[in-house]
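Given chain D's structure and the hints, the job is docking chain V onto it.
In order, the protein sequences belong to chains D and V. Position in the first sequence (from 1) plus 1147 gives the number in the numbering used here. Position in the second sequence (from 1) plus 1147 gives the number in the numbering used here.
It is worth saying that the hints were derived from the structure and are not from the lab. Owing to the predicted nature of the structure, the values given are computational and were not obtained by experimental measurement. Note that beta-carbon positions come from the ideal geometry of N, C-alpha and C, so glycine has one too. Be aware that a few hints might be false.
With the Cβ distance kept under 8 angstroms, some of the chain D side facing chain V (calculated, not the full set) [said to hold, decoys possible]:
#1 M1148
#2 H1153
#3 L1158
#4 R1159
#5 E1217
#6 E1228
#7 C1246
#8 R1247
#9 F1251
#10 G1253
#11 L1254
#12 L1269
#13 T1273
#14 S1276
#15 V1277
In case you want the letters, here they are:
Number of protein chains: 2
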Amino acid sequence: MQLTLHTDYSLRVLIYLTQHPTATISELADYYQLSRNHLVKVVNALGKHGFIVTMRGKGGGVRLARDPREISVGEVVRRMETHFDVVECLRESYSHPACRALPFCGLRKAVQLATERFLADLDGYTLASVVPPSVTGKSP
Amino acid sequence: MQLTLHTDYSLRVLIYLTQHPTATISELADYYQLSRNHLVKVVNALGKHGFIVTMRGKGGGVRLARDPREISVGEVVRRMETHFDVVECLRESYSHPACRALPFCGLRKAVQLATERFLADLDGYTLASVVPPSVTGKSP
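For reference, chain D alone in the conformation it holds in the complex (with noise of 0.2 angstroms):
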C-alpha cells in the first residue's frame, strides 16, 4: 500500500518550503536527488491547488502561499493523490466487470471508512508540526 510518488514528491517540496523562504526547482532537484522534470510536473500542481505560488523572474522560484501551521498533511495527500480506490470496487470506472459480490458485500464500505480515518489522521499533522521548530526556526 502506498501513495504515489506524485504527492510523496509535492510534500517533500512543501516541507522544503516550510524551512526554506522560497525555492527554485533546481535547489530542489539537488537537495531530494530527485528528477527536475517531475519536480516541474509537482510544483506545477502544487500552484494548481493553491499550496505554493510562483515569483517570475531573476531570484524567482516557489514560496508557500500560505502559513504552513494552517497546511495539513492530510489536506495535501487529499488534492495530491489521483484516487483512493484502495480496493478495485470502489473505482467508478471499472476496468474489469464490476465485482460479483459487490451488492451484498460490506468490504467496500469497510476500507472507505478506514481510509477516511487514515485521512483524518492526517489531518492532525500540519506542515509546521511535522518540521521541528529548531529546524525551522520558527515558533511552535
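Leaving out everything else, chain V in the frame of chain D:
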C-alpha cells in the same frame, strides 16, 4: 492509494469461501471473471498463510481453514500486502538516496501511525461481518 491486486483478489476468494463451503480455481475465475493464473498464485499464498486448505483429488478444491468469524479483514491485508511503505522514506531498501529531510522530518512517523490506524480499523471487521448472514445462511 491502493492495495495490490493480490490482496484485493485474496479478499474476494475468502469472501466467496465465506459463502460457499468449497470452491475450485475455475469456479472462482468464472465467478469473479479474473485470470486463472493470477488466482492460482493468490490461492497458493492464502494456503501458505493458513487462511485456506487445499483438498486434493476428485471433488477437490479449497475451503476456509478457520471460522470466518475469526478471520479479520485487517489480518488478511497485513499478511497478503507486500509492504506498507505508504511514503518512500518508509522503505528499508531505498532505490533512491535516503531523503535528506529524514533526520528531522516527522512525516514518516505521522504516516506510519495513520497506516497502523487504517489496519486497526480493518481488524474490526471479520469475513463473516462483511458478508451479511442472509447471504451466508449462517447466524451472525
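Here is what the structure says about each hint:
no.	hint	in the structure
1	M1148	5 angstroms, holds
2	H1153	12 angstroms, violated
3	L1158	6 angstroms, holds
4	R1159	7 angstroms, holds
5	E1217	17 angstroms, violated
6	E1228	6 angstroms, holds
7	C1246	7 angstroms, holds
8	R1247	6 angstroms, holds
9	F1251	5 angstroms, holds
10	G1253	4 angstroms, holds
11	L1254	5 angstroms, holds
12	L1269	5 angstroms, holds
13	T1273	10 angstroms, violated
14	S1276	7 angstroms, holds
15	V1277	4 angstroms, holds
Hint compliance for this structure: hints 2, 5, 13 are not met, and every other hint is.
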